[in-house]
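Colleague: Required output: the full structure, derived from the provided sequences and hints.
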Amino acid sequence: MNFILSFVAAIGALALGTVEFLGELGLFAAMGVSHIFRPPYYPRLIVRSLMEIGFYSLPVVALTALFTGMVLALQSYTGFSRFNAESAIASIVVLSVTRELGPVLAGLMVSGRAGAAMAAELGTMRVTDQIDALSTLSTDPMKYLVAPRLLAGVIAMPLLVCIADILGVMGGFLVSTEKLGFTPGTYLVSTFSHLKTEDVVSGLIKAAVFGFIISLMGCFNGYRSKGGAQGVGAATTSAVVTASILILALDYILTQVLFVK
Amino acid sequence: MTQPKIRIRGLKKAFGDKKVLDGIDLDVMPGTGMVVIGGSGSGKSVLIKSIIGLVTPDSGVIEIDGEDVLKASRGRARELRAQIGMLFQNGALFDSLPVWENVTFGLLAQNKIRRSAARDKAIEVLAQVGLADNVAGLSPSELSGGMQKRVALARAIASEPAIMFFDEPTTGLDPIMGAVIDELIVDCVKRLGSTSIAITHDMASAQRIGDRAAMLYEGRVCWSGLADELMTSTDPVVDQFTHGRPHGPIKMALRR
Chain L
1 MNFILSFVAA IGALALGTVE FLGELGLFAA MGVSHIFRPP YYPRLIVRSL
51 MEIGFYSLPV VALTALFTGM VLALQSYTGF SRFNAESAIA SIVVLSVTRE
101 LGPVLAGLMV SGRAGAAMAA ELGTMRVTDQ IDALSTLSTD PMKYLVAPRL
151 LAGVIAMPLL VCIADILGVM GGFLVSTEKL GFTPGTYLVS TFSHLKTEDV
201 VSGLIKAAVF GFIISLMGCF NGYRSKGGAQ GVGAATTSAV VTASILILAL
251 DYILTQVLFV K
Chain D
1 MTQPKIRIRG LKKAFGDKKV LDGIDLDVMP GTGMVVIGGS GSGKSVLIKS
51 IIGLVTPDSG VIEIDGEDVL KASRGRAREL RAQIGMLFQN GALFDSLPVW
101 ENVTFGLLAQ NKIRRSAARD KAIEVLAQVG LADNVAGLSP SELSGGMQKR
151 VALARAIASE PAIMFFDEPT TGLDPIMGAV IDELIVDCVK RLGSTSIAIT
201 HDMASAQRIG DRAAMLYEGR VCWSGLADEL MTSTDPVVDQ FTHGRPHGPI
251 KMALRR
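Line order of the protein sequences matches chains L and D.
The numbering of the first sequence is UniProt numbering, which starts it at 1 and goes up by one.
The numbering of the second sequence is UniProt numbering, which starts it at 1 and goes up by one.
Incorrect hints may appear among the rest.
[Said to hold, decoys possible] The calculated DSBU-like cross-link candidates involving lysine-lysine, where the alpha carbons are at most 35 Å apart (straight line), are: (1) D:Lys71 / D:Lys12; (2) D:Lys251 / D:Lys12; (3) D:Lys71 / D:Lys112; (4) D:Lys12 / D:Lys190; (5) D:Lys19 / D:Lys121; (6) D:Lys121 / D:Lys18; (7) D:Lys251 / D:Lys18; (8) D:Lys251 / D:Lys19; (9) D:Lys112 / D:Lys190; (10) D:Lys12 / L:Lys226; (11) L:Lys226 / D:Lys18; (12) D:Lys251 / L:Lys196; (13) L:Lys179 / L:Lys196; (14) D:Lys18 / D:Lys71; (15) L:Lys226 / D:Lys19; (16) D:Lys19 / D:Lys71; (17) D:Lys12 / L:Lys196; (18) L:Lys226 / D:Lys71.
No lab work stands behind these hints, which were simulated from the structure alone.
Modeller: Here is the structure:
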């Protein structure tokens with residue numbers, strides 16, 4: 001009997017904990033977004049966050065996209081050559097990259113780089129009283145620390161994904177023309193004939209949502225961290241794990257909304 | 001009768017089952033320095049954080065200039081608290097900003113100064129805490145513990161606050177540097193005519209920077225009086241604490 005009660009109590013505690021977490025996250029997100037639109041504004045901090053999230057993530061995102069495009073072309077060729085469908089490789093590469101792989105892989109990479117850095121920075125500020133110090137200096141920490149990062153995430157990720165899309169297609173192009181014997185003209189014509197504006201736009205919408213999620217989870221976990229170095233480490237891990245899971249889950253939901261008619 | 005600058009009545013705060021503040025009553029008169037002492041976990045930091053607004057008390061009254069900040073509108077409470085400067089225990093300097101931006105952060109946030117004039121202002125305030133102008137361009141991580149404390153003090157006094165809080169100002173400093181920081185605190189507070197509250201475990205520091213003292217024990221003020229009387233108090237709790245006696249009414253949670 002005691003075992004059953006303990007089991008039910010554990011389920012109840014888990015459910016309450018989940019609801020509490022989601023409530024806190026929702027309030028945090030709402031406050032952060034509201035501060036984006038209310039003065040004072042911190043353009044210098046927005047530019048700094050854009051550099052942190054966008055510019056400094058460029059090498060890792062670029063390399064990921066390039067190699068993904070190359071592998072995609074190679075793997076597609078292996079499979080499609082069995083059915084004499086090699087001509088579909090260009091469209092497979094461009095559609096996979098723009099619709100899915102560009103935003104998702106860029107999101108996961110940026111989450112691991114910029115999201116972790118955000119959580120570590122805010123977490124350290126929390127445990128060393130720097131966030132409390134902001135409050136005593138007539139500055140709202142949500143406005144100063146969180147709002148610029150949320151905005152920068154939403155702006156930087158679509159820009160990164162634009163570059164990832166181009167490099168992903170270029171990767172496929174290089175492998176297809178240099179290794180698989182495609183002529184450059186034919187490959188490019190095939191690429192652009194199957195690409196529609198909505199393929200790119202949907203990828204950029206996903207990127208903006210993922211950028212928001214990465215910044216939100218980085219800020220949320222860092223802002224709430226406690227317990228010194230161990231707490232900052234846990235916050236950083238949690239920021240990357242939760243953002244990565246949410247990116248993959250939201251990718252499915254957004255694909256359902258954007259493409260399934 | 002003069003109205004207290006800060007008046008606290010029946011202040012209570014609990015975290016879960018643990019009552020940290022259990023009905024604090026405290027008056028701090030204008031232009032005087034109050035030192036709050038008490039063991040670790042006695043609620044000193046929670047008391048200061050409640051006044052600043054970093055912690056929301058469960059009940060009670062916190063008046064600044066006769067106005068209850070807990071009942072004031074958010075904007076008015078922010079205005080009342082804008083006259084408070086705070087020196088944090090570990091300095092809490094912003095490590096992403098150079099020293100001069102740390103010092104003038106509050107002034108820039110309140111638009112009391114233009115960014116182009118901020119560096120000169122920072123150098124002026126740094127001189128008041130005995131730091132040379134070449135420190136202004138350094139990062140906080142390039143400074144020693146004593147210098148960081150001075151920069152933090154410069155940041156706290158830059159906006160010339162009417163109320164100043166000092167959270168264990170001499171912790172982690174050698175005795176000479178501790179005395180230097182105390183002297184700077186007394187100088188700054190006197191020059192600005194501020195009211196101050198300091199929390200400390202350092203009895204020598206308490207007597208140097210405080211006019212009056214209050215001891216927190218079991219969530220309440222168990223003793224208050226002149227800071228000079230701290231070491232000679234006959235109150236058993238104060239006597240045990242100030243002389244660091246292992247046996248007495250204060251029971252430390254030790255596991256053997």
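Colleague: Could you run down the list of hints and mark each one as holding or not?
Modeller: Status of the hints after comparison with the structure:
Proximity of lysine 71 (chain D) to lysine 12 (chain D) is assessed by CA-CA distance (about 15 Å); at most 35 Å being required, the pair is judged to hold. As the CA atoms of lysine 251 (chain D) and lysine 12 (chain D) are separated by approximately 22 Å, the hinted pair is consistent with the 35 Å bound. Restraint check: the Cα-Cα separation between lysine 71 (chain D) and lysine 112 (chain D) comes to about 28 Å, which is no more than 35 Å; the hinted pair holds. Among the hinted pairs, lysine 12 (chain D) with lysine 190 (chain D) is consistent with the structure: their alpha-carbon atoms are about 32 Å apart, no more than 35 Å.
Under the criterion of a C-alpha separation no larger than 35 Å, the hint pairing lysine 19 (chain D) with lysine 121 (chain D) is inconsistent with the structure, at around 44 Å. For the suggested pair lysine 121 (chain D) and lysine 18 (chain D), the alpha carbons sit about 45 Å apart, so the restraint of at most 35 Å is broken. Taking the CA atoms of lysine 251 (chain D) and lysine 18 (chain D), the gap is near 16 Å; set against the 35 Å cutoff, the hint holds. With a C-alpha separation of about 17 Å, the suggested pairing of lysine 251 (chain D) with lysine 19 (chain D) holds against the 35 Å cut-off.
Distance check on the hinted pair: lysine 112 (chain D) and lysine 190 (chain D) sit about 23 Å apart at the alpha-carbon level, within 35 Å; holds. Between lysine 12 (chain D) and lysine 226 (chain L) the alpha-carbon distance is near 23 Å, which keeps this suggested pair within the 35 Å criterion. For the suggested pair lysine 226 (chain L) and lysine 18 (chain D), the alpha carbons sit about 19 Å apart, so the restraint of at most 35 Å is met. Between the alpha carbons of lysine 251 (chain D) and lysine 196 (chain L) the distance comes to roughly 75 Å, so the proposed pair goes past 35 Å and is violated.
A distance of roughly 27 Å separates the Cα atoms of lysine 179 (chain L) and lysine 196 (chain L); the hinted pair therefore holds under the 35 Å criterion. Restraint check: the Cα-Cα separation between lysine 18 (chain D) and lysine 71 (chain D) comes to about 25 Å, which is no more than 35 Å; the hinted pair holds. For the hint pairing lysine 226 (chain L) with lysine 19 (chain D), the CA-to-CA distance comes to about 20 Å; that is within 35 Å, so the pair holds. Note on lysine 19 (chain D) and lysine 71 (chain D): the hinted pairing holds, with a Cα-Cα distance of about 22 Å set against a maximum of 35 Å.
Note on lysine 12 (chain D) and lysine 196 (chain L): the hinted pairing is violated, with a Cα-Cα distance of about 64 Å set against a maximum of 35 Å. Our distance criterion of 35 Å between C-alpha atoms is met by lysine 226 (chain L) and lysine 71 (chain D), whose separation comes to about 29 Å.
The structure does not agree with the numbered hints 5, 6, 12, 17 stated previously, though it agrees with the rest.
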